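Chemist: What follows is the residue order along each chain.
2 protein chains.
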Amino acid sequence: MEIIKGGVCSAKGFSANGIHCGIRHNRTKRDLAIIYSQVPATAAAVYTTNLVKGAPLIVTKKHIENGVAQAIICNSGNANTCNANGIEIAEKMSDLLSKELSVKPEDVVVASTGVIGQPLNIEPIANGIKPLVQGLSADNGHYAAEAIMTTDVAVKEVAVEFSLGGKTCRIGGIAKGSGMIHPNMATMLVFITTDAKISSQMLSKALKSDIQNTFNMISVDGDTSTNDMVVVLANGMAGNNEIVKEDEDFATFMKALNTVNVTLCRMIAGDGEGATKLLECSVSGAKTLDIAKTVAKSVICSSLTKAAMFGADANWGRVLCAIGYSGAQVDINKIDVSFKSKKGTVLVCKNGAGVDFSEDIAKEILLEKEIIIEVNLNDGDYNSQAWGCDLTYDYVKINGDYRT
Amino acid sequence: MEIIKGGVCSAKGFSANGIHCGIRHNRTKRDLAIIYSQVPATAAAVYTTNLVKGAPLIVTKKHIENGVAQAIICNSGNANTCNANGIEIAEKMSDLLSKELSVKPEDVVVASTGVIGQPLNIEPIANGIKPLVQGLSADNGHYAAEAIMTTDVAVKEVAVEFSLGGKTCRIGGIAKGSGMIHPNMATMLVFITTDAKISSQMLSKALKSDIQNTFNMISVDGDTSTNDMVVVLANGMAGNNEIVKEDEDFATFMKALNTVNVTLCRMIAGDGEGATKLLECSVSGAKTLDIAKTVAKSVICSSLTKAAMFGADANWGRVLCAIGYSGAQVDINKIDVSFKSKKGTVLVCKNGAGVDFSEDIAKEILLEKEIIIEVNLNDGDYNSQAWGCDLTYDYVKINGDYRT
Numbered sequence: 001m002e003i004i005k006g007g008v009c010s011a012k013g014f015s016a017n018g019i020h021c022g023i024r025h026n027r028t029k030r031d032l033a034i035i036y037s038q039v040p041a042t043a044a045a046v047y048t049t050n051l052v053k054g055a056p057l058i059v060t061k062k063h064i065e066n067g068v069a070q071a072i073i074c075n076s077g078n079a080n081t082c083n084a085n086g087i088e089i090a091e092k093m094s095d096l097l098s099k100e101l102s103v104k105p106e107d108v109v110v111a112s113t114g115v116i117g118q119p120l121n122i123e124p125i126a127n128g129i130k131p132l133v134q135g136l137s138a139d140n141g142h143y144a145a146e147a148i149m150t151t152d153v154a155v156k157e158v159a160v161e162f163s164l165g166g167k168t169c170r171i172g173g174i175a176k177g178s179g180m181i182h183p184n185m186a187t188m189l190v191f192i193t194t195d196a197k198i199s200s201q202m203l204s205k206a207l208k209s210d211i212q213n214t215f216n217m218i219s220v221d222g223d224t225s226t227n228d229m230v231v232v233l234a235n236g237m238a239g240n241n242e243i244v245k246e247d248e249d250f251a252t253f254m255k256a257l258n259t260v261n262v263t264l265c266r267m268i269a270g271d272g273e274g275a276t277k278l279l280e281c282s283v284s285g286a287k288t289l290d291i292a293k294t295v296a297k298s299v300i301c302s303s304l305t306k307a308a309m310f311g312a313d314a315n316w317g318r319v320l321c322a323i324g325y326s327g328a329q330v331d332i333n334k335i336d337v338s339f340k341s342k343k344g345t346v347l348v349c350k351n352g353a354g355v356d357f358s359e360d361i362a363k364e365i366l367l368e369k370e371i372i373i374e375v376n377l378n379d380g381d382y383n384s385q386a387w388g389c390d391l392t393y394d395y396v397k398i399n400g401d402y403r404t
Numbered sequence: 405m406e407i408i409k410g411g412v413c414s415a416k417g418f419s420a421n422g423i424h425c426g427i428r429h430n431r432t433k434r435d436l437a438i439i440y441s442q443v444p445a446t447a448a449a450v451y452t453t454n455l456v457k458g459a460p461l462i463v464t465k466k467h468i469e470n471g472v473a474q475a476i477i478c479n480s481g482n483a484n485t486c487n488a489n490g491i492e493i494a495e496k497m498s499d500l501l502s503k504e505l506s507v508k509p510e511d512v513v514v515a516s517t518g519v520i521g522q523p524l525n526i527e528p529i530a531n532g533i534k535p536l537v538q539g540l541s542a543d544n545g546h547y548a549a550e551a552i553m554t555t556d557v558a559v560k561e562v563a564v565e566f567s568l569g570g571k572t573c574r575i576g577g578i579a580k581g582s583g584m585i586h587p588n589m590a591t592m593l594v595f596i597t598t599d600a601k602i603s604s605q606m607l608s609k610a611l612k613s614d615i616q617n618t619f620n621m622i623s624v625d626g627d628t629s630t631n632d633m634v635v636v637l638a639n640g641m642a643g644n645n646e647i648v649k650e651d652e653d654f655a656t657f658m659k660a661l662n663t664v665n666v667t668l669c670r671m672i673a674g675d676g677e678g679a680t681k682l683l684e685c686s687v688s689g690a691k692t693l694d695i696a697k698t699v700a701k702s703v704i705c706s707s708l709t710k711a712a713m714f715g716a717d718a719n720w721g722r723v724l725c726a727i728g729y730s731g732a733q734v735d736i737n738k739i740d741v742s743f744k745s746k747k748g749t750v751l752v753c754k755n756g757a758g759v760d761f762s763e764d765i766a767k768e769i770l771l772e773k774e775i776i777i778e779v780n781l782n783d784g785d786y787n788s789q790a791w792g793c794d795l796t797y798d799y800v801k802i803n804g805d806y807r808t
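Chains as they are written, first to last, in our numbering: chain A, 1 to 404; chain B, 405 to 808.
Same shape as in the complex, but just chain A (with noise of 0.2 Å):
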């Protein structure tokens, strides 16, 4: 398997674009975008756990229960999310799209991002419709990308590619991030196509183990969004014979499956809401899978961690503090943890005391843009990451007034 250039439309028969409609103010600002099967194609999806959900989430669950989807459409600048009637617009958004397609309106995966609680104005997609399909190609998956930012600084896209019984397959993706990033049992948007074939059960499964150890390990500012989802589209296309079963090809799968998840994760972390650094908390030696996950998150979303990590502070007690307090059982007289980046590594901390250690190349370590947060609990054989970013000045400016 290979990391290749590319995105959405990576993998064969999909075609993508993304336009300025009109919902957002800046012309400049791509707001709405497309990403198209030209095959119905296997679907599965997972949503936010926020008891608060956008009204598309409501109606793309609907549409995805068949495990068929052929299109998806989202907007960004509203997330059409706590408005009376954001049923009736995310369907309408749905309608729009099959008419001009003519595909079936519950093959279309609807999605929406930004402000909430601000009716949604229907005018501007319906007006953007004929444009947006018009310009639909594989060349464009980068528009696509661009279409589903808001805070983002960075579009993000990653695809591989990877051989199935000696058919070539690929897998491409492209996410939005960067605020209200606290995944719980499903994540941010983002947006995965693949050629190969798959069935519905496994595509299903694939999706729901990878998201635990991949978008449900990233956090940047603890607040999970209400509009968060992943949706993986796989048309089959590359001829591959499909894959039914937990055999070689679904592990071959997965593994691709969770090349371009990492990718997109590290990506989202690193492009977090005025972000510098991404940091990766990994952690080693823990008694159970379970206390390695809850160890790395609660570190990675500690404030006081994320700010001494911005300030390029050696601060380990913060580190320690938030393992402390993170819920689970570990002997605080085993835990190592070192800084690490491509400078160096700095051992900081050592059977749970602190350690001699040079401020000088603690500081150098951590001026880098990316830094892991070494963790061994010694106390068992189960590894995890987690990935976040620093909290800095710009952050609360982005936050601090995001309306106007």
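These aren't lab readings, by the way, just hints derived from the structure by calculation.
Treat each hint with caution, since some may be false.
[As the list claims (entries may be wrong)] Between beta-carbon pairs, the in silico distance windows are:
id, chain 1, residue 1, chain 2, residue 2, range
1, B, 527, A, 287, 39 to 49 Å
2, B, 764, A, 130, 53 to 63 Å
3, A, 100, B, 694, 46 to 56 Å
4, A, 246, B, 785, 23 to 33 Å
All values derive from a computational prediction rather than experimental measurement.
We treat Cβ as the ideally placed atom computed from N, Cα and C, and that holds for glycine.
Once you have looked at the hints, place chain B on chain A.
Modeler: Same frame as chain A, but now just chain B:
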């Protein structure tokens, strides 16, 4: 009952002091505090639930087991946590004070606050003990309140006067808050003194019950400190009949204690690191008390809501989002949300959906220093309040480079 000017020396028989002994480099910052009762006092305490516990907590817990204490020593500038010799140093602090005061070492409460994981040098404390004790006075409670501060901007002290069976009683307290504030079954450093006579069992009951609605309902940054404790000393010098059961006197005592604790909570939340505003989330109409508390706390902890309040932005969707991921079972379609300050009240959400409101009036209300986020779940009769603060540039600044 009335609130009076004062603090830990308001109750009869208590004296206090605070000096600069040299733990901190800044010679104008007091860093060593003492609180002393003329006679041994009934003592009760609650501690952090963080698995990482400061050495002073371990020593204090042992000393307070018999329900009696006579003096409190507390340093700031170093938490004496995650150090190999931590217990030894905490016991040394206790021994030094016990000798100087001629009280039993096991009647001394030891507390520390500051950076984690740096060995605490006993020397400045040893040198400071004599002047610390010599300066003990009923007029120096303010110095003790100053000496326990870390990144706190404001001194936190309060006292109340009430009557039990014709005898005038007082309760007073001081607190240290600011960062790493997200109490869980116990809280930051709070020292409370009273001259009311109350049995050890009833004092412990009063404290444990009251913190559920006070110190466990505040959050500055979601980080539960390793060194949190609340200690109450009751020396009985007011001469009231000892409180030994849940009678009218106990209710009066509880009400006075609650007033002291709520006042300290508001002071701690309003003086959160970098805070410009005190936030209160007031939940009504909940089906159970647990739901009311869970919702109030979730809103107060939401980084996005906190940042919106900093920007005086009436972004109520974030409040609804925080309610939705709180874990509490609520009916989103029944929820009303208003923002309130001394400038007035603005209803922003009715039955879970937005209502028209004047952004100008909302802005005027949210520019105030104390904001109440009113949430009516319209689903029952239970209420709860939680307190927090806004998320600001200065929080990031303070915590980006705390150790240097």
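Chemist: Work down the list of hints and note, for each, if the structure agrees.
Modeler: Hint check:
1. B:527 x A:287: 39 to 49 Å: Taking Cβ atoms as reference, residue 527 of chain B and residue 287 of chain A lie about 41 Å apart, which means the hint holds.
2. B:764 x A:130: 53 to 63 Å: 39 Å, violated
3. A:100 x B:694: 46 to 56 Å: This hint holds: roughly 49 Å between Cβ atoms.
4. A:246 x B:785: 23 to 33 Å: 52 Å, violated
The earlier numbered hints that this structure contradicts are 2 and 4.
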